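Asker: Each chain, written out:
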Amino acid sequence: KAGVTQTPRYLIKTRGQQVTLSCSPISGHRSVSWYQQTPGQGLQFLFEYFSETQRNKGNFPGRFSGRQFSNSRSEMNVSTLELGDSALYLCASSLGWEANTEAFFGQGTRLTVV
Amino acid sequence: KNEVEQSPQNLTAQEGEFITINCSYSVGISALHWLQQHPGGGIVSLFMLSSGKKKHGRLIATINIQEKHSSLHITASHPRDSAVYICAVSRNTGNQFYFGTGTSLTVIP
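Protein chains in written order, with my numbering: chain Z, 1 to 114; chain L, 1 to 109.
Isolated chain L, as found in the complex:
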């Protein structure tokens, strides 16, 4: 069993829809990260969370430490949001991440 589980694996939405991607983990963590990967490979760090909620533009990330669960929400989705979203956790110091399998999001105009 993977330390980090993501759902759904694939998601197709119409432009403007509210999107939620879920992440559950089974180990103790120091932080949870939401990453975005576009075709071509480069990864962008969207959020780093150790508690509560963070918001950046149309993106919101929440974490519930007791339930070992995090969600990434995208409000008013846009075709440029189409990408793979990856949940990763770091357990101790440094950047030894454990990764989820990713959620492939396609937003249709």
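Bound conformation, chain Z alone:
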């Protein structure tokens, strides 16, 4: 069974550009959550989708958005990139949205903004 797949693995963008990251969950998983990891702030929750609906949202500006498709694949978009958006972006998938459901993480997309 394939794990959580994130594409691309590495990305370099220029300030002001926008970027779209993709996350394919484990087959059968319907919940996808996104996280940002930086040396200064550590890991922070961005948002979570279940059945194509955003269920939870972290404390990030509106430049960060996401969506989930009917096949549970998810994308996140960051517009008007800033240098501080340079980070490792991780997604995780789980079977459902119930409490105490194990999450499986992808390898992450490392975004560098120059």
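Hints are computed from structural coordinates only; laboratory data are not their basis.
Below, a sample of chain Z positions facing chain L; criterion: calculated Cβ distance under 8 Å:
(1) GLY42
(2) ASN100
(3) ARG110
Model, not experiment: these values are computed from the prediction. We treat Cβ as the ideally placed atom computed from N, Cα and C, and that holds for glycine.
With chain Z's structure known, arrange chain L on it following the hints.
Answerer: Same frame as chain Z, now just chain L:
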């Protein structure tokens, strides 16, 4: 103050040593998770706990709900255990985790 505090931040051990990493949290939780992150970034979920104790190979995780405290123990540590160990809590439904700052473990042969 962070909802989740971990200690120590850095830990160096000799191969074979018994290792303990601690996690304290200040909010009500539905579950506590121990995660492992190797250089390169990918995260592996080691344990999900809502009570008691779990064991997997040389790894043991315990949680005390009343004291809002959890520990991750590694017995007979090995250089391949070198990684960052992260404590995370989930509060309600879903995977909106609150993360500790991580413990960087180096096991020397």
